[in-house]
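Q: This is what each chain is made of:
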Amino acid sequence: MEANITAKKQTPAKTSFDLFQFFYKYGTIITIIALIIIFSLANPAFIQGNNIVNILRSISIVTIIAIGITISLTVDGFDLSVGSVASLSNAIVISMFVWFSQNTFVAIISAIAAALIVGILNSIMIVKMRIPDMLMTLATMFIIQGTALTYTKGATVSQNMVLPDGTMAEGLISPFFSKIGQVPWIILIMVVVVLVVHIFLTYTKHGRYMYVIGGNKEAARLSGIPVNKYKVAAYLLSALFAAIGGIVLASRVMTSEINSGAPYLMDSVAAAFIGFSVLGAGKPNAFGTFVGAVLIGILANGLVMMSVPYYAMDIVKGTVLAFALAITYYKQK
Amino acid sequence: MTTLKMKNVSIEFPGVKALNMVDFSVESGKTHALIGANGAGKSTLMKVLSGAYDHYTGEISMDGQPMTIRSPKSAMDSGIQIVYQEVDTALIPYLTVGENIMLMDTVHNMGKKQWVNWKNLHSKAAAILSEMNVTLPTKKLVSELTLAEKQMVLIARAVSKDCRFLILDEPTAPLSHTETSELFRIVQELKRRDVGIIFISHRLPEIFDICDDITIMRNGEVVETQSISDTDQNKVVEYMLGQKLGEQFPQKSMTMGNTVLEVKGLTDKEKIKDLSIYVRAGEIVGIAGLVGAGKTEFCKALFGAGGKLLAGEVKINGKRVSVKNPFEAVKNGLALVPEERRKEGILVYESVESNLTVANLGLFSKELSFLDRKKEKLVAKAVINRLGIKTPSEETKVQNLSGGNQQKVAIGKWLVAEADVYIFDEPTKGVDVGAKKDIFNLIAELASRGKAIIYASSEASEIIGITNRVYCLYDGKSVKELETNSTNEEELLFYSTGGR
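Protein sequence lines, in the order shown, are assigned to chains A and B. Residue 214 in the working numbering sits at position 224 of the first sequence, with consecutive numbering throughout. Numbering-wise, the working numbering comes out as the position in the second sequence, counting from 1, plus 3.
There could be a bad hint or two in this list.
To be verified - Within a straight-line C-alpha distance of at most 25 Å, the following computed BS3-like cross-link-like pairs (lysine-lysine) qualify:
| hint | chain 1 | residue 1 | chain 2 | residue 2 |
| --- | --- | --- | --- | --- |
| 1 | B | Lys384 | B | Lys439 |
| 2 | A | Lys118 | B | Lys311 |
| 3 | A | Lys118 | B | Lys327 |
| 4 | B | Lys311 | A | Lys207 |
| 5 | B | Lys327 | A | Lys219 |
| 6 | B | Lys480 | A | Lys195 |
| 7 | B | Lys116 | B | Lys153 |
| 8 | B | Lys20 | A | Lys118 |
| 9 | B | Lys20 | A | Lys321 |
| 10 | B | Lys393 | B | Lys369 |
| 11 | A | Lys207 | B | Lys116 |
| 12 | A | Lys207 | B | Lys400 |
| 13 | A | Lys118 | B | Lys272 |
| 14 | A | Lys195 | A | Lys169 |
| 15 | B | Lys142 | B | Lys127 |
| 16 | B | Lys20 | A | Lys219 |
| 17 | A | Lys195 | B | Lys400 |
| 18 | A | Lys195 | B | Lys334 |
| 19 | A | Lys207 | B | Lys432 |
| 20 | A | Lys273 | B | Lys432 |
| 21 | B | Lys20 | A | Lys207 |
| 22 | A | Lys195 | B | Lys432 |
| 23 | A | Lys273 | B | Lys346 |
| 24 | B | Lys400 | A | Lys273 |
| 25 | A | Lys118 | B | Lys432 |
| 26 | A | Lys15 | A | Lys118 |
| 27 | A | Lys207 | B | Lys127 |
| 28 | A | Lys195 | B | Lys33 |
| 29 | B | Lys311 | B | Lys276 |
| 30 | B | Lys164 | A | Lys207 |
| 31 | B | Lys276 | B | Lys142 |
| 32 | A | Lys273 | B | Lys380 |
| 33 | A | Lys195 | B | Lys164 |
| 34 | A | Lys273 | B | Lys377 |
| 35 | B | Lys432 | B | Lys346 |
| 36 | B | Lys127 | B | Lys116 |
To be verified - To give a feel for the contact side, a few chain B residues facing chain A, derived at Cβ under 10 Å:
| hint | residue |
| --- | --- |
| 37 | Lys194 |
| 38 | Ala332 |
| 39 | Val333 |
| 40 | Ala338 |
Hints were generated in silico from the structure; no laboratory data involved. Note that the Cβ used here is the ideal one computed from N, Cα and C, for glycine as well.
Extracted from the complex, chain B is given alone in its bound form (with noise of 0.2 Å):
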């Protein structure tokens, strides 16, 4: 058994400091979570043992030998890999899956040698997958492949290699069900060959099926380090929040009004096949399903943002619209807080107030198009307001504020646009416990001002605690509809995963 400490660690950037005398330590042949909210410093501290960083002060050592970690390279020597979230910034998507294994021998073991033995990498691949219980062909692209099939590629590259600890950031947030288990399955295969993981994750539950410990941090700091049989769920929450947090759903409003958006046998291209659903005002829908069922093609084609469209009508108030962009969508009252939030839901160079105001600009325009610049700052800082968006000023660019932070302003801005039927895909996704109440209780606001919403998760428990009524979506179908008073977690599952 081999133990990995780090010692005091710190560090700074300009004006933060980002960890503050941390100590933290993995055994081989465990798996250790490391989790704490948004900004608390989790994956500053492994990106710190993975090499990422060279400013840091402190002491890392393996079975008390000191250790030099400054860069990746010395890092992995070391025996230290580490699989990013975002898979797609590893991984060469016009090599094959084999070349991405083998990437780091390419680079580092062919010493004088000029010619790529290519049967010898790919019998090597091969090897290292079947070893994983994994089967992918060796020869086909990486960018064919799902999200899924990249990781295991990215792990398979990291034990490629001497790999002695395997730090896994977020593995499971893009990860479907089936997906998920089949991820635990070679985490458990690496434990047996006395690897060490140290597995960060926002998801409580999985970490309580997999992890042997815990470490939790808040604040740049570690608040706690314990077995995970000596915790449970809710105290946890409490050391990452250093509070009691309280009932997390608010209040289900049960009046409801008339049926705002009708869709009927919408179809496009891909995914979404003869879908219809309705939603009154004051209502919460839910569209339950796993990742990949079409919750994502559905929102965006209800928005007109996604594929091309082959059948289906939308009425919204009684009356046909069409939506074949998302001008038209915005111009009938629709609204989409989108999944992809840094890509599609707000721009990061930008300010606070320019984000907030942007869906609606008309409203702050005078004649000849000039802008209302007063009236577009004293809305924002209303809404800053009104949705606690931690942010020094209105006019902080975007890019500095925390994951919940951002959401925020995805959701502001649709705010001020006031639309009546607001769609939400994924709001919680990456977002910290806090600041998921927080949206919870926001969407809880819009339904009882009698706004219609689309509430669309792969979290089942999410579903659950604030919708109405659900739709359970498999492979771009309804497959049934259900009153949420009447239903749980376990018969959502069961639709989501194509039983009927």
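Chain A extracted, bound-state conformation (with noise of 0.2 Å):
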């Protein structure tokens, strides 16, 4: 009798339990799945392999970007400056073949080194400084904005520009540079980047070290593992694809507007916080940011598609955010 009362107690509980931890693990891939079914139902336009393409192209840069944050995520970190390091990467990356007619080597080493410089300068003041993570970023994106705002003298380069001594630049991009940015090489360069981050964070030692270190700071420090040195890693690898990212969006865009790197922050976060829980992962990984990437590319193709104008997606990105990180927080309560 007494065991009967039991079973009947435990069972409503363990039920709702689990309906929890399956739409913990599956929702954004249902959620993805649904949102393809009523924007095609909607215009058949939407499923047409042209507009696929359309969106893995669009969500490329958002993707690599967020691959970035995600790996300070892992250690328990939070790069906010990713997005002006991809606006920097992609003025230096222009200029250079612009201003100074370099070739497509030169100009894409000398971003990616001006990137790093900023991963060094994040990583010092946190790891040396004890600025906690977002804040000593905080400030970053600032510096870094202002920078590569002086940088281009607070113009957008472009070829043919006319410079302030009144002459037009004379540089022009290289057509193998151009390439970068167009179908497939772009998507490609995404796929490559979310699978080897993946496997690096899943299958490395590494990897591993930066989950521990995320997990318990001190533990991983007492169990040997060099903290600092892992940190400084993430803060530079996170710069490194904000760079990638910038350099993408260059060849793109083949412009460097002002600031054209900043819109890219709100969505790399909100991409690597919905793949929190994608499968039930519960941390930061290479695979559910993609996944997320994919989330939010998908709403904001299929609502341009209904005609919702784009000064209100802001309003379904940001939701989507806040949704992820409530699904995220709930769960570790």
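Could you fit the two chains together into a complex? Lean on the hints.
A: Here you go:
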């Protein structure tokens, strides 16, 4: 009799628990599928190959930058400076071609080098001065935004632009460089970045160490893991991926707009946090981040097709981010 | 005299029945001990009583009057107060002692008043403190207090309101000897004022010192309630475990090899002064001393995890080594099982497997640092078996294990890492008697395999029971070196309290 009562009481508690688990694990993927069905019913053009390539192309820069954020999240950090680092590397790469007539190799290397300097700045201030990650990178975000603006003198850099002394810029962007931002290369770069980082985080010693540091910094230190080195590495990597994002962006638009990387910050943060829950990982992970970016990309694309004005898009994206955060933190409770 | 009764109390959490038809009753003006192994349900029962849970079944009554306790506020209104073990969770560090003591008053009794009367607040707080015979300036910031003083503040807060029953959840665990006797004095004081005290502790001797009654729990049920004078320590342990304990400490090994670790003149910026010790292979060396004597600081300094070192040299197997940080320490064959297990020893959100392999992942890496998952799993399973870690599988997250099993995981990772010198800092803190025995056996086994072992503890009985040789620490200095066989607890305590 008593056993009966216990069994009865346990059942409802158990199913509601499992239901949350199920939606936690598969919620993002179910949402994506549901969105695809809804948008396709609303507008059959949505599901056509053309549009799918379109979506993948539109999310590739977000994904690459979000992967950087993901790496900083694994060590329990948070790199907010990725948007302005992308702006900076965009500006440097284009200016190398246009202002200084350099070749592709020099242009890309200079952009990456500049980003790594930012990464070093971030990590030294965080590791040595012990400034909380989010606050330091917030400061860096402003510094680098200003640096990029100062470097371009507040102007858009493009081929044949008029220089301050009245002459025309003579440098040309190399045809090879312009390929990077086009299909299929832009999509391939994204896929490779996701795969490499996924393998790195999941299957190597270094990835494991990063998660361990993120899980319990003190325990990691007392287990003999060089915590500071890995934190520095994480910020260098996140700056590197932000730079790659900026370079791809440069190739896609072939100019350097003011603050061109800034809009990617929020999308990337959202993608990384949506990624926490994908397939029940419960921690930052590369594959989840990609799925998060897909979700945001589909939403944006579908809503535009349904004639939602672009200026209302941030409401939707912000809501999705809030929802993803709610799920992640509710789970941790 | 008031009697507080709990009847047929049961509570469930997803998948676990934490309390099963528990009956429990206390009388005011008495100290009632509540004891049981880790996970027996003591804390859960007290949380029910203090209103932390609202989904339990059963009845609570005071003097036969049924009460509804479903929130902390309703418990407090009925005069039931609790002081949790983690004092920091209940205090606001950047407010003063006075503000913290009067917090309940400020929150609940202000009514329509909008302005804080500082003079009134501090004089009220001071009155409560002087009633307890505690001298603490009420304008001091709580962040500047010691652990014991923080506890006093919490007790003062509890009695600032009408307090008929006070629950103390393992209050003595972090306290030093003198601080503990200070606490006991206050407990006696409260008893005289007809407050009923429920006292949770793992330390049997102190329970027999100050308690009148005892209730023993096991697996979410009450197994025995009796007057303390009708029982003794062995019987209590038997009830806790459901079986006889037998000899707690393993046989000491007497064969010792060469000196493995030699520390000379270790001095750090704050605590450690000119400490020199040596440990031979197969030897267990105790570091005795009261809480605050510098044991933890010494263990950490030796492992490169403490404050800045000003002087001193460390030799391992005769070779001088640098241990500027834990990374170097591990490379040189040192291993530390730290005192603050949850904070420093384990990764609660990771699986048992990743916890066990984390200190020596190099062993499981293939080319390009790729991990050998199969080997990891195999080794993890072997360690789980060897240490008797009670876990559903090697993939279970460590946060789901009990305290004793978490400690085994914290030790287990260094077995995988194969160090030469093992440093244990209070390894039995918060661990129940059964798991304690396993940990002692494990340490003895390490010694018999020729490892050098440092065992730091403020429990004199453990030092006597397991070590071969012991250094007594007082105020960061080693005041005496003793052969364990020719000393006793009294002598240890004498030197630990600064006697010479």
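Q: Each hint should be assessed against the structure and marked as holding or not.
A: Checked hints:
As the CA atoms of Lys384 (chain B) and Lys439 (chain B) are separated by approximately 21 Å, the hinted pair is consistent with the 25 Å bound. Restraint check for Lys118 (chain A) and Lys311 (chain B): satisfied, since their Cα atoms lie roughly 15 Å apart, inside the 25 Å limit. A threshold of 25 Å between alpha carbons decides the hint, and for Lys118 (chain A) with Lys327 (chain B) the separation of about 16 Å falls inside it, so the pair holds. In summary, the hint linking Lys311 (chain B) to Lys207 (chain A) is supported, as the alpha carbons are separated by about 19 Å, within the 25 Å threshold.
Restraint check for Lys327 (chain B) and Lys219 (chain A): satisfied, since their Cα atoms lie roughly 15 Å apart, inside the 25 Å limit. For the proposed pair Lys480 (chain B) and Lys195 (chain A), the alpha carbon gap of about 40 Å is over 25 Å, so the pair is violated. Straight-line distance between C-alpha atoms of Lys116 (chain B) and Lys153 (chain B) comes to about 29 Å, which puts the hinted pair past the 25 Å bound. About 48 Å separates the Cα atoms of Lys20 (chain B) and Lys118 (chain A), which puts this hinted pair outside 25 Å; it is violated.
Taking the CA atoms of Lys20 (chain B) and Lys321 (chain A), the gap is near 21 Å; set against the 25 Å cutoff, the hint holds. For the suggested pair Lys393 (chain B) and Lys369 (chain B), the alpha carbons sit about 30 Å apart, so the restraint of at most 25 Å is broken. For the given pair, Lys207 (chain A) sits about 45 Å from Lys116 (chain B) by alpha-carbon distance, which is inconsistent with the 25 Å threshold. Using a Cα cut-off of 25 Å, the hinted pair Lys207 (chain A) and Lys400 (chain B) holds, with the two alpha carbons roughly 17 Å apart.
Distance check on the hinted pair: Lys118 (chain A) and Lys272 (chain B) sit about 19 Å apart at the alpha-carbon level, within 25 Å; holds. Proposed proximity of Lys195 (chain A) and Lys169 (chain A) is contradicted: the alpha carbons are some 35 Å apart, above 25 Å. With a C-alpha separation of about 12 Å, the suggested pair Lys142 (chain B) and Lys127 (chain B) falls inside the 25 Å cut-off, and the hint holds. The suggested pairing of Lys20 (chain B) with Lys219 (chain A) is violated, with an alpha-carbon distance near 45 Å, which exceeds 25 Å.
For the given pair, Lys195 (chain A) sits about 19 Å from Lys400 (chain B) by alpha-carbon distance, which is consistent with the 25 Å threshold. Restraint check for Lys195 (chain A) and Lys334 (chain B): satisfied, since their Cα atoms lie roughly 16 Å apart, inside the 25 Å limit. The suggested pairing of Lys207 (chain A) with Lys432 (chain B) holds, with an alpha-carbon distance near 22 Å, which does not exceed 25 Å. Restraint check: the Cα-Cα separation between Lys273 (chain A) and Lys432 (chain B) comes to about 31 Å, which exceeds 25 Å; the hinted pair is violated.
For a cut-off of 25 Å, the pair hint linking Lys20 (chain B) to Lys207 (chain A) is broken: about 33 Å separates their Cα positions. A C-alpha spacing of about 32 Å is found between Lys195 (chain A) and Lys432 (chain B), which places the hinted pair above 25 Å, so the restraint is violated. For the suggested pair Lys273 (chain A) and Lys346 (chain B), the alpha carbons sit about 19 Å apart, so the restraint of at most 25 Å is met. Restraint check for Lys400 (chain B) and Lys273 (chain A): satisfied, since their Cα atoms lie roughly 14 Å apart, inside the 25 Å limit.
Proposed proximity of Lys118 (chain A) and Lys432 (chain B) is contradicted: the alpha carbons are some 33 Å apart, above 25 Å. For the hint pairing Lys15 (chain A) with Lys118 (chain A), the CA-to-CA distance comes to about 38 Å; that exceeds 25 Å, so the pair is violated. Distance restraint check for Lys207 (chain A) and Lys127 (chain B): the Cα-Cα separation of roughly 42 Å exceeds the 25 Å cut-off, and the hinted pair is therefore not satisfied. Taking the CA atoms of Lys195 (chain A) and Lys33 (chain B), the gap is near 57 Å; set against the 25 Å cutoff, the hint is violated.
For the suggested pair Lys311 (chain B) and Lys276 (chain B), the alpha carbons sit about 13 Å apart, so the restraint of at most 25 Å is met. For the given pair, Lys164 (chain B) sits about 40 Å from Lys207 (chain A) by alpha-carbon distance, which is inconsistent with the 25 Å threshold. As the CA atoms of Lys276 (chain B) and Lys142 (chain B) are separated by approximately 33 Å, the hinted pair breaks the 25 Å bound. About 21 Å separates the Cα atoms of Lys273 (chain A) and Lys380 (chain B), which keeps this hinted pair within 25 Å; it holds.
Distance hint between Lys195 (chain A) and Lys164 (chain B) is unfulfilled; the C-alpha atoms sit about 55 Å from each other, more than 25 Å. Restraint check: the Cα-Cα separation between Lys273 (chain A) and Lys377 (chain B) comes to about 23 Å, which is no more than 25 Å; the hinted pair holds. With a C-alpha separation of about 14 Å, the suggested pairing of Lys432 (chain B) with Lys346 (chain B) holds against the 25 Å cut-off. Among the hinted pairs, Lys127 (chain B) with Lys116 (chain B) is consistent with the structure: their alpha-carbon atoms are about 17 Å apart, no more than 25 Å.
A hinted interface residue such as Lys194 (chain B) counts as satisfied when its beta carbon comes closer than 10 Å to some beta carbon of chain A; here the least separation is about 39 Å, so the hint is violated. The closest approach between the C-beta of Ala332 (chain B) and any C-beta of chain A is roughly 7 Å, which is under the 10 Å cut-off, so the hint is satisfied. For Val333 (chain B), the shortest C-beta to C-beta distance to chain A is roughly 3 Å, which falls under 10 Å, so the interface hint holds. With its C-beta approaching chain A no nearer than about 9 Å, Ala338 (chain B) sits inside the 10 Å limit, and its interface hint holds.
The structure is inconsistent with the numbered hints 6, 7, 8, 10, 11, 14, 16, 20, 21, 22, 25, 26, 27, 28, 30, 31, 33, 37, although it conforms to all the rest.
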